[in-house]
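Chain order of the listed sequences is V and S.
The numbers in this note's numbering rise by one with no breaks, and the one at position 116 of the first sequence is 228.
The numbers in this note's numbering rise by one with no breaks, and the one at position 363 of the second sequence is 375.
Read the hints as simulated data drawn from the structure, not as lab findings.
Hints may contain errors.
As the list claims (entries may be wrong) - Simulated crosslink set (SDA-like; lysine to any residue; CA at most 25 angstroms straight-line):
| # | chain 1 | residue 1 | chain 2 | residue 2 |
| --- | --- | --- | --- | --- |
| 1 | S | 220 | S | 204 |
| 2 | V | 218 | S | 220 |
| 3 | V | 218 | S | 264 |
| 4 | V | 218 | S | 204 |
| 5 | V | 286 | V | 235 |
| 6 | V | 218 | S | 295 |
| 7 | V | 218 | S | 279 |
| 8 | V | 218 | V | 150 |
Claimed, not checked - Computed Cβ-Cβ distance ranges for the label pairs, DEER-style:
| # | chain 1 | residue 1 | chain 2 | residue 2 | range |
| --- | --- | --- | --- | --- | --- |
| 9 | S | 106 | V | 247 | 58 to 66 angstroms |
| 10 | V | 129 | S | 291 | 25 to 33 angstroms |
| 11 | V | 332 | S | 67 | 36 to 44 angstroms |
| 12 | V | 190 | S | 157 | 47 to 55 angstroms |
| 13 | V | 219 | S | 317 | 50 to 58 angstroms |
Here the structure is a predicted model, which means the values were calculated and not measured.
Don't be surprised by glycine CBs; every beta carbon is placed ideally from N, CA and C.
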Amino acid sequence: MSALLEARGLSKHFGGVLALDGLDLAVAPNEILGLIGPNGSGKTTFFNVITGIYRADTGQVGFDGLDITNASGRTVYLAGIARTFQRSRLSLPLSIFDNIMIGNHKRLNQGLWFNLARRNEFRREFEESYAAARALVEVFEPALAGRLFEPVAGLPMIDRRRIEICRALISAPKLLLLDEPSAGMTHEETAELMDDILLVRARNQNLTIIIVEHEMGVIERITDRCVVLNFGRKIAEGPYRIVAADAQVQEAYLGAA
Amino acid sequence: MSGSRTMARKAVSLWPGVIVLAVATAYLIALLAAEKQALIIALLLAGIVVVIAAASFGLFESASASFTDHEDALGGCAIMAALGVAAFFHDNHFVLLLAITVLLYSVATLGLNVQFGYAGVLNFAGASFFGIGAYTSAVLNAHTALPHLLVLLIGGLLAALAGSLLLLPVLRTRGHYAAVVTIAFALLFKTFLEVNDVLGGPQGMQVKGMRIFGWSFNDNFEIGKISVSFYMNYFVLSLLVLVGAFVLVRRLERSWIGLNLDALRLDETAANCFGLAIARWKITAFLIGNFFIGIAGALFGMVGGFVAPNNYTFADSLILISILLLGGIGNPWGLIVATIIVVVVPEKLQTIQEYRFLLYALMVIAVLLFRPQGLLPRPVRRYFPGWGS
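Could you build all of it, start to finish, from the sequences and the hints given here?
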């Protein structure tokens, strides 16, 4: 089976630190891949290289038949990759609806004439988008669905996280990159959030997910396969149970015995 | 889809907006009509006290809510109020000129608001682009027979074109550095005018008054037995320009484009990860903003009948920026209120004329300290006011 996303020989250094060191990584369509490893092992750097925030020093990235090596964030998004950020990057003064619509960019008519002069057509598109956003938010938190025009700034962490995920999901991406969705939340909240993501995925069979996560309970429960990174290199790969038992992996997490 | 099921929002009354508008209009007429310095000072102090009292009773929150939800109706009332003020002072050259200044500075700050308030591109050369519009009027009215309404449009387009010279450096730099580029442009522009003999050098040049379909704007006229100042022509046209600019800026804000501009101002990296073409939208905002500023400048040149480099200095650009900070970045209503304050108060308070920049500085510092979002903060975007309530 051909991979949906395939990175080969990906390297990225910051000064003298090698954040990614010749990483090979592939994810199959419809797979949920866990990307784990100690702090500083290159997980977030991998996401940032894929989504055009950093440029890779060497290596190639292919996605869905396209070469997206060092493509801009815009190109990657248009190709069908959406992401969340480790530290929430919502636009706080804007409403919930506005934040979700930022993620819907490619499905909205961006023409100047359409936006300024065709207010009736714009209204139709607005109402359709509103219905879509509302339906998506309803899955995550029905209580939020009636409050889409409130600013995000007043919401607790869990709701912000939900909205960030809605922003990534609204454009129906082929690949979702989740960067530590559990950060700043309790176990229960994280579990609930994951169930909601799986529910959306169940409705949209074509969603592939790569998740970076420190909470191993989450990784064990939802991933099909895991890739373990250490110092920017892949040190193990396989189902969670197997990589967790791997001596090299245990050494990476716990230090040399 | 009906909006009724979407939100249990309380219907907002129209009346707080109408009352605030009526009181403000009456106050403005009283202030403009007052001649004695003691009376003017008393009126200003009374105004401050009333505003603070009204604010502590929460009157402005309900007024601002009714302005958001009933914008069309209250916009119509505001136009009537402006016409009422003009009718009251129909033969008073000085007051009408002051009112025109308010209207056209409002158009210019609406342009700056698109650039800075929405896209986050700080333009310290506002007065220069205003000047480009004014000089366009001067040159085209003197040397060509182009219809004068077309000259206004050309003034806007030339300001946008001149602004596009700045685009490359502005796009390649961020934040303060982009602002410094615009400061450099403002200083260069004035020097350019001063050494350029074709444009009159430091003495500047005269601008022929507007004439539309044979109607000369520079002649006093009579309605029945009432003689009306020629400035009334310009007042009505300036009001039309302001209404047009206001409607366009509103539509821009309440569209996906307004959302794009907010998104890139607040987090360029995240915006790019969701497909925004950052450069495209910054350019769009910068050009639209300059277009408004240029049109306002072109008309103002014809109103004044005279352009000179000293009218378009860096200091004048700072006044435009201070209006933006004072009014509430991103709120068109706030900008108009702030323009009235910044333009009218120093003109009426002759005693402080010399110190007007000191007054602006104090106002801006006070606003930044006590009300950093401006007099009328920008509300959360509603694409269709009243929708969903």
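Evaluated hints:
no.: 1; hint: S:220 with S:204; verdict: holds (22 angstroms)
no.: 2; hint: V:218 with S:220; verdict: violated (49 angstroms)
no.: 3; hint: V:218 with S:264; verdict: holds (18 angstroms)
no.: 4; hint: V:218 with S:204; verdict: violated (44 angstroms)
no.: 5; hint: V:286 with V:235; verdict: violated (28 angstroms)
no.: 6; hint: V:218 with S:295; verdict: holds (19 angstroms)
no.: 7; hint: V:218 with S:279; verdict: holds (18 angstroms)
no.: 8; hint: V:218 with V:150; verdict: violated (35 angstroms)
no.: 9; hint: S:106 with V:247: 58 to 66 angstroms; verdict: holds (60 angstroms)
no.: 10; hint: V:129 with S:291: 25 to 33 angstroms; verdict: holds (31 angstroms)
no.: 11; hint: V:332 with S:67: 36 to 44 angstroms; verdict: violated (56 angstroms)
no.: 12; hint: V:190 with S:157: 47 to 55 angstroms; verdict: holds (50 angstroms)
no.: 13; hint: V:219 with S:317: 50 to 58 angstroms; verdict: holds (52 angstroms)
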